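Undergrad: Please dock the two separately framed chains into a single complex, following the hints provided.
Heads up: the protein sequence lines correspond to chains A and B, in order.
Counting in the numbering used here, the first sequence runs from 1 upward without gaps.
Counting in the numbering used here, the second sequence runs from 388 upward without gaps.
Just so you know, these hints were derived from the structure itself, not from any lab.
None of the values given here were measured: they were computed from a predicted structure.
Ideal Cβ positions, reconstructed from N, Cα and C, are used throughout, including at glycine.
Warning: the hint list may mix true and false statements.
[Said to hold, decoys possible] Partial list, derived from the structure: chain B residues whose beta carbon lies under 10 Å from chain A: (1) D397; (2) T400; (3) E402; (4) Y404; (5) D406; (6) S469; (7) P474; (8) A490; (9) K491; (10) K497; (11) M498.
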Amino acid sequence: MALTNLLPEPHILVSGTGEIRASNSAAARLFDFDEDGSLKLGQLVCDPPERVADFLKLASRSGSMIPGAFTMRLAGGGTERFGCAGGVVSPANGRGSSVVLVRFRPHVETVPAFLLLNERIETLTRALDERRRTQIELEAYSARLEELAADLEGQKNAAQAASQAKSNFLAAMSHELRTPLNGILGYADLLAIGVKGPVNEGQRSQLQRIRRSTDHLIEIIDQILEYSRQEADAEEFGLEEVELVEVAREAAEMIEPAFIQAGLKLKREDPASGLTVRTDRVRVRQILLNLLSNAVKFTEKGCVRMVIQEGEDRVAISIVDTGIGIEPGDIQRVFEPFWQADRGRGGTGLGLAITLGLARGLGGDIDVESVHGEGSTFTFLLPGAVR
Amino acid sequence: MKRILVVEDDPFTQEIYRDILIHAGFLVSIAGCGGDGVACAKEELPDLILMDINLPRINGWEATKMLKGDESTQRIPVVAMSADTAPENYTLAASLGFETFLAKPISPLKMLAEIQGLLENLDSRG
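Chain B on its own, in the form it takes in the complex (with noise of 0.2 Å):
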C-alpha cells in the first residue's frame, strides 16, 4: 500500500482528502503546517505528498525547498494544490521541483486520477 502525505490546514479540505485516499486504497498522513509536513516527511518517506500553498508559518512553497534539499526527502514528488492560481504559481511551482500544480477547488474524483496517474508514470519511469 502506498503511503500519501497530506499538508493541508483547512479541516474540511483534510477529511475530504484523507476519506476519499483511503477508499481508493492509500495509506494517509495529515499535517496541518509546513512545519509538520517536512517533519511528518522525513519520518515516514511517504510515497507522495500533496502540499497546499497557503498555510501558516512555513508555506507550501517553502516546505517543498526543504523537502526538496534534503536528500532523504528529495525524491519524494511533491503535488502543489492551492486555489491561488495566478499564471506565476504554475511557473514557480515548476521551478521548485514540484511534479504538477492542482487548483482548488478540485473534484476529489479528479485528484485522485491524477495522483494514480503520476503514481504509475513514476512506477514505470523506475
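This is chain A alone, in the form it adopts within the complex (with noise of 0.2 Å):
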C-alpha cells in the first residue's frame, strides 16, 4: 500500500463482505481504527450496516466508481460526514477475490466537487454561449456579405446602365453635330466649283477657310468622340490572330495622302516573315494610324520609318519622324488629354491620349523618345507573337 500512503485522502481495501484488507496513512490517522486493525468497514461507519452492505455490493460489481456518503468515527472520538466513491480493483497479482476500493473525501470537500461540476456546467454554457453567438455573428456577416452582394450587383447594372446611357448621348450627339456640319461642308464645296455661277478668287479663297474650319471642327468631334467612347467601352475587343506586316501595310496605304500632301516619303521596314499577334486588327490599325499621322503633322522635311520588331515577348512597331521634335520637359505630357505643345498646328490634343489608351486596352503601351529639333520615336509595344 505504499502508493495508496502518498494519497492525502484516506483510502481503504475492503473485501465483497466489508472486511478491511487495508487502507492508507490518511485513513489510519483519520479514522478510529482498533489496534489490531481487523475491522469491518460498518464498523467505522455510524450508518446503519445494510447502507454500507447496499453501497459495497453496488460498489464489487461496478467496473466504475460508485458515489456514496458516511458519517465516520474519528480517531480523536466525534463523528464527520465523508463522500466516498467505491469500485472494484483486481488484486495485483491477478489472483484471489477481487477488492474494493473505497476513497473518502471530507463533506467540504463535495462542496468544491459540486462547484467544479458547476464551474465546468458554465464552462459549458459559456462554451455553448460562445458558439450561438459565433453563430449569430455568422449570421449577420452572411446576411451582411448578401447584402454587399446585392449592393454590388446594383452599382454593376447602374455603371452599365451610365455607360449606356453614355454612348447613346454620344451617338445622338454625335449624329446632331454632324448633320449641319454636312450642310456647311456641302455648301461650301457647291460654292467653290461654281455650280451656281462663277466665284472669283478672292470668294473661292474664303470658301477653302469655311472648309477647313469645318475640317478641324469635325476632327474635334470625331476626337472628343473617340475618347469618350473609349472610356465607355473599354472591354469590347475583338480578338484574332492578326499579320502585323499586313495591317501596317493597310494603315500606310491609308495614310498615304497626308504624306503625298506633306511631300513627305513612309518608309516601312518590315521583318523578313511574317508575323502574327492575337490583337484587335481595327484598333492596332488605328493606333498605328494616330502615330503616322502625328508624325506627318510635325514633319517637315526628311521622311518617317514605320520599323517592327520582334522582342523577347512584345512586338515593338516605331514610327520614327525627322520632325520638330519635343522638349525635354514636355516629353511626358505629350499623352495628357488636351495637350497640345504648339496650338497653331489645329487638332485637340487628344490624338495621343485616345492612342495611348487604345494601346493600354491591347494589354500594351506607347514609349516615346525624342531629341528636341531632330524628330521623335513613338514606338507601340503589343505583348504576345503568336509565331
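TA: Here it is, written out as C-alpha cells:
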C-alpha cells in the first residue's frame, strides 16, 4: 500500500462483505481503527449496516467508481460526514477474489466537487453561448455579405446603365452635330466649284477657309467622341490572329494621301517573315494611323519610317520621324488629354491620349523618345506574338 | 450617263448631293425614305445607290437588306452614308453587302471622288 500512502485522501480496501484488508496512512490517521486493525468497514461507520452493505454490493459489481456518503467515527473521537467513491480493483497478482477500493473525501470537499461541476457547467454554457453568439455573428456576416453582393450587383447595373446612357448620348450628339456640318461643308464645296455660277479668287479662298475650319471642327468632334467612346466601352475588343505586317501596310495605304500632300516619304521596315499577334486588328490599325498622322503633322522635311521588330515577349512597331521633336520637359506631357505643344497646328490634343488608351486596352503601351529639333520615335509595344 | 439614286431624308443634303452629282454629269433620283428608295431602285435600276442610314420608318440597313434580297436589285452597288460613325456600323455595313461606308459630314467633292472611283472599279471588273 506504499502508493496509496502518498495519497492525501483516506483510502480503504475492503472485501465484498466489508472486511478491511488494507488502508492508507491518511485513513489510519483519520478514522477510529482498533489497535489490531481487524475491522469491518461497518464498524467505522455510524450509518445503519444495510447502507454499508448496499453500497458495497453496488461497488463490487461496478467497474467504475460508485459515489456514496457515510458518517465516519474519527480517531480523536466524534464523527464527520464523508463523501466516498467505491469500485472494484483487481489484486495486483491477478489471483484471489477481487476487492473494493473506497476513497473518502471530507464532506466539505464534496462542495468543491459541486463547484467544479458547476464550473464545468458554466464553462460548457459559456462555450455554448459563445457558439450561439458565433452562429449569430456568422448569420449577420452572411446577411451582410448578401447585402454587399446585392449592392455590388446594383452598382454594376447602374454603371452599365450609365455607360449605356453615355454611349447613347454620344451617338445622338455625334449625329446631331454632324448633320448640320454636312450642310456647311456641302454648300461651301458647291459654291467653290461654281455649281450656281462662277466665284472670284477672293471668294474661293474664303470658301476654302470655311472648308478648313469645318474640317478642323469635324476632327475635334471625332476625337472627343473617340476619346469618350473609349472610356465607355473599354472592354469591347475583338481578338483574332492579326498579321502585323499586313495591318502596317493597310495603315500606310490609308495615310498615303497625307504624306503626298506633305511631300514626305514613308518607309516601311518589316521583318523578313510575317509576324502574327492575337489582338484587335481595327484598333492596332487605328493606333498606327494615329502615330503616323502625328508624325506627318510634325515633320517638315526628311522622312518617316515605320519599323516592326520582334522582341522577347513583345512586338515593337516604331514610327520614327525627322520632325520638330519634343522639348525634354514636355516629353511626359504628350499623352495628357488636351495637351498641345503648339496650338497653331490645329487638332485637339487628344490624339496621343486616345492612342495610348487604345494601346493599353490591348495590353500594350507606347514609348516615346525624342531629340528636340531632330525628331521623335513613338514605339507601340504589343504583347504576345503567336508564332 | 449613269444614274445614281440618293436615299436621304434631309432636304439640304438632298440638294447638295443632287447638285454635285448633276454637275459631275450623273442622272440623279432622290427618295426621302427607305420604302421609297426600294421602290425607286426596283423601277429605275440605278447604277449606284447612296443610302443614308438614319431614315424614317424603314432605315437604310433594312432597305438595303430588302434590295440585297431581291434578284432584280441585288447587284446594284450600295454606299452607306451616316453621321453615326460608331465602329460597329462599319462592320454591319460590310456584313450587309454595302460597297463602302462614308461618314458624314463629307465634302461633296470627296464623296464624288469615292463614287467615281467605285464605279470605275466596278466597270473594270465587268
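Undergrad: Indicate, hint by hint, whether the structure satisfies it.
TA: Here is how each hint holds up against the structure:
The beta carbon of D397/B is positioned within 10 Å of a beta carbon in chain A (closest approach about 6 Å), and the interface hint is therefore held. Evaluation of the T400/B hint against chain A yields a held restraint, the C-beta minimum of about 6 Å falling below 10 Å. The beta carbon of E402/B comes within 8 Å of a beta carbon in chain A, closer than 10 Å, and the hint placing it at the interface holds. Given the 10 Å rule on beta carbons, the hint for Y404/B holds: about 8 Å separates it from the nearest Cβ of chain A.
Interface hint at D406/B: satisfied, since its Cβ lies 5 Å from the closest Cβ of chain A, which is below the 10 Å cut-off. The beta carbon of S469/B is positioned within 10 Å of a beta carbon in chain A (closest approach about 8 Å), and the interface hint is therefore held. Interface restraint check for P474/B: the shortest CB-CB distance to chain A comes to about 7 Å, inside 10 Å, so the restraint holds. Checking A490/B against chain A by beta carbon gives a least distance of about 8 Å; that is within 10 Å, so the hint holds.
Taking 10 Å as the C-beta cut-off, the interface hint given for K491/B holds, the closest approach to chain A being about 5 Å. At its closest, the beta carbon of K497/B sits 9 Å from a beta carbon of chain A; the interface hint therefore holds under the 10 Å criterion. With a least beta-carbon distance of about 9 Å to chain A, the hint placing M498/B at the interface is held under the 10 Å criterion.
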